[in-house]
Amino acid sequence: MTISRRTFGKLVLGAGAVAPVHFVTTAIAQPKPGDELVVGVWGGAQERIVREFCEKPLVEKYGCKVSYVLGGTPERRARAYSERGRPSFDVLYLNIFESRQAVKDGVTQAPTAAVPNFANLHDVAKLGGYGVAFNPVTIVYDKRKASKPVTSWKDIWNPEWKGRVAWPSYPGAQGTAGLLMAAKVWGGDEKNIDAAFGKIRELKPFAAIQGSQDQLYGMFDQGVADISIEFGSFTRFYAETRNPNIEIANPVEGQAIAMNVACITAGTRNQKLAEEWINFHLSEPCMMAYAKQIYYSPTVKNLVVPADLRPKLVMGPDVEKLVDFDWDNVIRSQPQWSSRFNREIAG
Amino acid sequence: MVEPLQPRDCWLTSFLSRFFGPALAAPATLWLALTFAAPLAVVVLLSMHEFPDPFGDLLQRPSPAQFSTILGDGFYLRVLVETILLGIGVTALTVILGYPLALWLARLPVKWRPLAFAVILIPLLTNVVVRSLGMVLLLAPDGLVNQVLGLVGIAPFRTMLYTHGAVALALAQVFMPFLVLALYDVLQGIPPRVHEAATSLGASRTASTFLVDLPLSLPGLRAGIVIVFLMSSTAYVSATLLGGKKVWTTGMLVWQEALQNLNAPLASALALLMTAAGIGFAVLIFVVARKLTPWLSGTPKAAASLPVWLMRLLEVVAPVLGRILLAGALLLLLLPLVLVCIQSFNDVPQATVAGFRAFTWKWYERAIFGGAYAPAFWVSVQLAAATAFVAITLALPAAFALARWKFPGLGVLAAFWTLPLSLPHVAIGVGMLRLLQTYTAVPPFFGLMAVHVVLVLPFSIALLHASVEQLDQALENAAASLGAGPVRRFVLVVLPSLAPGLVAAGIMSFLLSFGEVTVTSFLTTARMTTLPVRIYAEASFSLEPTVHAVSTLLIIATVLALVALGRLVRLDRMHAR
Numbered sequence: 143m144t145i146s147r148r149t150f151g152k153l154v155l156g157a158g159a160v161a162p163v164h165f166v167t168t169a170i171a172q173p174k175p176g177d178e179l180v181v182g183v184w185g186g187a188q189e190r191i192v193r194e195f196c197e198k199p200l201v202e203k204y205g206c207k208v209s210y211v212l213g214g215t216p217e218r219r220a221r222a223y224s225e226r227g228r229p230s231f232d233v234l235y236l237n238i239f240e241s242r243q244a245v246k247d248g249v250t251q252a253p254t255a256a257v258p259n260f261a262n263l264h265d266v267a268k269l270g271g272y273g274v275a276f277n278p279v280t281i282v283y284d285k286r287k288a289s290k291p292v293t294s295w296k297d298i299w300n301p302e303w304k305g306r307v308a309w310p311s312y313p314g315a316q317g318t319a320g321l322l323m324a325a326k327v328w329g330g331d332e333k334n335i336d337a338a339f340g341k342i343r344e345l346k347p348f349a350a351i352q353g354s355q356d357q358l359y360g361m362f363d364q365g366v367a368d369i370s371i372e373f374g375s376f377t378r379f380y381a382e383t384r385n386p387n388i389e390i391a392n393p394v395e396g397q398a399i400a401m402n403v404a405c406i407t408a409g410t411r412n413q414k415l416a417e418e419w420i421n422f423h424l425s426e427p428c429m430m431a432y433a434k435q436i437y438y439s440p441t442v443k444n445l446v447v448p449a450d451l452r453p454k455l456v457m458g459p460d461v462e463k464l465v466d467f468d469w470d471n472v473i474r475s476q477p478q479w480s481s482r483f484n485r486e487i488a489g
Numbered sequence: 027m028v029e030p031l032q033p034r035d036c037w038l039t040s041f042l043s044r045f046f047g048p049a050l051a052a053p054a055t056l057w058l059a060l061t062f063a064a065p066l067a068v069v070v071l072l073s074m075h076e077f078p079d080p081f082g083d084l085l086q087r088p089s090p091a092q093f094s095t096i097l098g099d100g101f102y103l104r105v106l107v108e109t110i111l112l113g114i115g116v117t118a119l120t121v122i123l124g125y126p127l128a129l130w131l132a133r134l135p136v137k138w139r140p141l142a143f144a145v146i147l148i149p150l151l152t153n154v155v156v157r158s159l160g161m162v163l164l165l166a167p168d169g170l171v172n173q174v175l176g177l178v179g180i181a182p183f184r185t186m187l188y189t190h191g192a193v194a195l196a197l198a199q200v201f202m203p204f205l206v207l208a209l210y211d212v213l214q215g216i217p218p219r220v221h222e223a224a225t226s227l228g229a230s231r232t233a234s235t236f237l238v239d240l241p242l243s244l245p246g247l248r249a250g251i252v253i254v255f256l257m258s259s260t261a262y263v264s265a266t267l268l269g270g271k272k273v274w275t276t277g278m279l280v281w282q283e284a285l286q287n288l289n290a291p292l293a294s295a296l297a298l299l300m301t302a303a304g305i306g307f308a309v310l311i312f313v314v315a316r317k318l319t320p321w322l323s324g325t326p327k328a329a330a331s332l333p334v335w336l337m338r339l340l341e342v343v344a345p346v347l348g349r350i351l352l353a354g355a356l357l358l359l360l361l362p363l364v365l366v367c368i369q370s371f372n373d374v375p376q377a378t379v380a381g382f383r384a385f386t387w388k389w390y391e392r393a394i395f396g397g398a399y400a401p402a403f404w405v406s407v408q409l410a411a412a413t414a415f416v417a418i419t420l421a422l423p424a425a426f427a428l429a430r431w432k433f434p435g436l437g438v439l440a441a442f443w444t445l446p447l448s449l450p451h452v453a454i455g456v457g458m459l460r461l462l463q464t465y466t467a468v469p470p471f472f473g474l475m476a477v478h479v480v481l482v483l484p485f486s487i488a489l490l491h492a493s494v495e496q497l498d499q500a501l502e503n504a505a506a507s508l509g510a511g512p513v514r515r516f517v518l519v520v521l522p523s524l525a526p527g528l529v530a531a532g533i534m535s536f537l538l539s540f541g542e543v544t545v546t547s548f549l550t551t552a553r554m555t556t557l558p559v560r561i562y563a564e565a566s567f568s569l570e571p572t573v574h575a576v577s578t579l580l581i582i583a584t585v586l587a588l589v590a591l592g593r594l595v596r597l598d599r600m601h602a603r
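First to last, the protein sequences are chains A and B.
Take the first sequence: its position 347, counted from the start at 1, is 489 in the working numbering, and no numbers get skipped.
Take the second sequence: its position 302, counted from the start at 1, is 328 in the working numbering, and no numbers get skipped.
Just chain A, same shape as in the assembly (with noise of 0.2 Å):
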């Protein structure tokens, strides 16, 4: 058979228009049984909720096998950074901040609904990944040492505190909800940092810089400061097990939002298996394992806790009082603000 060049012209134009879609169809193939999803997330109680709600009843339906690459969060992200396109990772979990940098940068995917409990976010979940769960930055102190409850930012500064405050490091979640909440609260915002480090200045001595909740928790139990600004989440759950003293503040300001967010990363070869896992992630079970657990409050509007759970959590209504800042900004400042945070602050 000849093919006339007309012919050839529509075979090359219809096999260009065919060819996305065997693209498509090759990028979000059906899960095979020995297909490997590389989760990157937190080590210890995390894990384990995530081992037993996704990953049990993801091996179920797929008998696809899961892998866990634990540790922080800058080690992760630094990763996936140098492997930009050709991840290792096809899950991994960041901030709030992080991550939304994170899809600007190319690194991770925008959420779409291919995951279906992405209809049950929060809006302020459906950005830079799927939020998988709140965890608010808020005062948090020994009541003992306090003359009257802490119910604003500002008290931070009172005179009673004086040499107690154990301030948390920046960059990382809890120092820049401080940083951030400093300039709130003193007149100044995210594009005005001088008036929060004026302040923070004023605090010194420190008894302290927490650079991460374990630590603060063994300043507590120590008695090397009594006030810090933390998770109010997993605080929470400190002070029921471990150290009744420790109240989670409330303050008039509200709490500084925090997230952890689950994102899939641009490249991964296992686009189905991820976006199943991280639906596992929102579903029911889950989300009630780290409400139960870690008082991690849930992103999705569907889910019903017990009442007794409830007040512990950030739910609701409450989820719009949490302050949101402009994270483009505080991502492009970072490295100025950390710098200007050693020599200032810390050290």
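Derived from the structure by calculation, the hints contain no laboratory data.
Just so you know, not all the hints are guaranteed correct.
[Said to hold, decoys possible] Straight-line alpha carbon distances no greater than 30 Å define the calculated DSBU-like cross-link-like pairs of lysine-lysine that follow:
(1) A/Lys296 <-> B/Lys272
(2) A/Lys326 <-> A/Lys304
(3) A/Lys290 <-> A/Lys443
(4) B/Lys317 <-> B/Lys388
(5) A/Lys341 <-> B/Lys272
(6) A/Lys346 <-> B/Lys272
(7) A/Lys268 <-> A/Lys443
(8) A/Lys287 <-> B/Lys272
(9) B/Lys272 <-> A/Lys304
(10) A/Lys198 <-> B/Lys388
(11) A/Lys326 <-> A/Lys454
(12) B/Lys388 <-> A/Lys207
(13) A/Lys434 <-> B/Lys388
(14) A/Lys454 <-> B/Lys388
(15) A/Lys246 <-> A/Lys326
(16) B/Lys272 <-> A/Lys285
(17) A/Lys333 <-> B/Lys272
(18) A/Lys174 <-> A/Lys203
(19) B/Lys272 <-> A/Lys326
Put chain B on the given structure of chain A with help from the hints.
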């Protein structure tokens, strides 16, 4: 130094003397060139970038911008200087506490030695996070030190934690074993005749310690000092955990810039400046040590003597002071770990809790049957064993080249071998990040092992160099005169004489690889999670006392392993038997 035995044939002699040294030096050099030179080159290239761009090309027009930023900035300079001072402080503390410990170990009856070894090595076995927790429990306002002081009516020191002192103490605890091991073999190697000669000349035990043992142990001390300084000036995990961000080290800055701010160029430049400082220090120590040990290069030393008043003072003070320092060293090594063991039975939800609440076995149950730790433990054991084997195989010829088959250019090679030690490990991680695509193509176990060997090699070379220098060549001459060929001499005379040094270097390589977390946390893949990386990952959220149980199990396992090893391999020199 006695010349190495030379074969009779003339052409063979000249051939050997020209090529044998380089051939001995080749394996270590090649390994490092293949696995370390690449990340190092990346770090050098990154440091010359003008702006950070995580996705930019590695090759860019060189710019001094990062270096001029650092050198023109008081804060960076201050941290550099403070880091060096911290390194010097830790080194001094380690020498003061470690020397009496090494003497004690070398003079201990042989049957107690495996146990004593275990005591010294235990801190190396405990994960850095757990070790630091032990130190927190010791120094906290309500910690053990203050409780003991309270018993004798001294008011508590409330501000011991989160200071340079706390960091220095923690670093001294974990690096002291390196110094002690470096000294142990050399002290062991001093022939008893030398002490007899000193006694017959009227030297007391104290005098012979200061005038005989100390000078003769300088090669070991030199190796130990360089190792401790380089390790403590590049450390960052302990500094972060015990310095509470009030103490800044260059390693912490490198980590923060590279990972949190994604500013790899600045991080690389900082790391290279730190490396330069470290190399400078190492060279200084080598020069000083050479001045102090002229006999090693064949020049007789001027007669050493101490002023009479000083000698009298030492006679009175030294034995008492030596015991106090020994007790201090043992307490520093063991106390934090005793606290860790106690915590492993504590029925509390998190690892940092101070008081003892109730007894429980549940952390052991979780550690052994929980599923997560056991696989990671096996990965770590296999990795550490493979690393130790390869590192010793590469280091032994290199040590012979350094001690016996010197050739032009060896000094430069020796400096290259030490480089992995002076480059902050975080920086190696940063370099590896850029090479991750290539790296992930390598089978994961081999990839991790290759990098671990790089980290371990400087130690094994330094330790074995000191051991080889101490070999008694009269024994080899005697064997040769009885007709033993080079291979027989090596297998039947040299290797047994080197056994203590080989065991020390092997154990140290094993433990270093076993505990490595800084670089491994960059390289760990889903299929290869080592135990330290797993524990470190949990510390990023909340540690449970399971880690204490894991540490306690490891401590018990080590003690048993060393006692068993003590039955198989003699940990002392032949002449001491």
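Status of the hints after comparison with the structure:
Of the supplied pair hints, the one linking A/Lys296 and B/Lys272 holds, its CA atoms being roughly 24 Å apart against a limit of 30 Å. For the given pair, A/Lys326 sits about 21 Å from A/Lys304 by alpha-carbon distance, which is consistent with the 30 Å threshold. Between the alpha carbons of A/Lys290 and A/Lys443 the distance comes to roughly 35 Å, so the proposed pair goes past 30 Å and is violated. Straight-line distance between C-alpha atoms of B/Lys317 and B/Lys388 comes to about 58 Å, which puts the hinted pair past the 30 Å bound.
Simply put, A/Lys341 and B/Lys272 have alpha-carbon atoms about 19 Å apart, close enough for the 30 Å limit, and the pair holds. Among the hinted pairs, A/Lys346 with B/Lys272 is consistent with the structure: their alpha-carbon atoms are about 12 Å apart, no more than 30 Å. With a C-alpha separation of about 12 Å, the suggested pair A/Lys268 and A/Lys443 falls inside the 30 Å cut-off, and the hint holds. A hinted pair counts as satisfied when its Cα atoms are at most 30 Å apart, and A/Lys287 with B/Lys272 qualifies at roughly 24 Å.
Among the hinted pairs, B/Lys272 with A/Lys304 is consistent with the structure: their alpha-carbon atoms are about 17 Å apart, no more than 30 Å. Restraint check for A/Lys198 and B/Lys388: satisfied, since their Cα atoms lie roughly 24 Å apart, inside the 30 Å limit. Proposed proximity of A/Lys326 and A/Lys454 is supported: the alpha carbons are some 25 Å apart, at most 30 Å. Proximity of B/Lys388 to A/Lys207 is assessed by CA-CA distance (about 29 Å); at most 30 Å being required, the pair is judged to hold.
With a C-alpha separation of about 22 Å, the suggested pair A/Lys434 and B/Lys388 falls inside the 30 Å cut-off, and the hint holds. Restraint check for A/Lys454 and B/Lys388: satisfied, since their Cα atoms lie roughly 28 Å apart, inside the 30 Å limit. Between A/Lys246 and A/Lys326, the direct Cα distance comes to roughly 26 Å. Compliance with the 30 Å bound is thereby established for this hinted pair. At most 30 Å may separate the alpha-carbon atoms for a hinted pair to count; B/Lys272 and A/Lys285 meet this at roughly 26 Å.
Taking the CA atoms of A/Lys333 and B/Lys272, the gap is near 27 Å; set against the 30 Å cutoff, the hint holds. A distance of roughly 10 Å separates the Cα atoms of A/Lys174 and A/Lys203; the hinted pair therefore holds under the 30 Å criterion. Among the hinted pairs, B/Lys272 with A/Lys326 is consistent with the structure: their alpha-carbon atoms are about 26 Å apart, no more than 30 Å.
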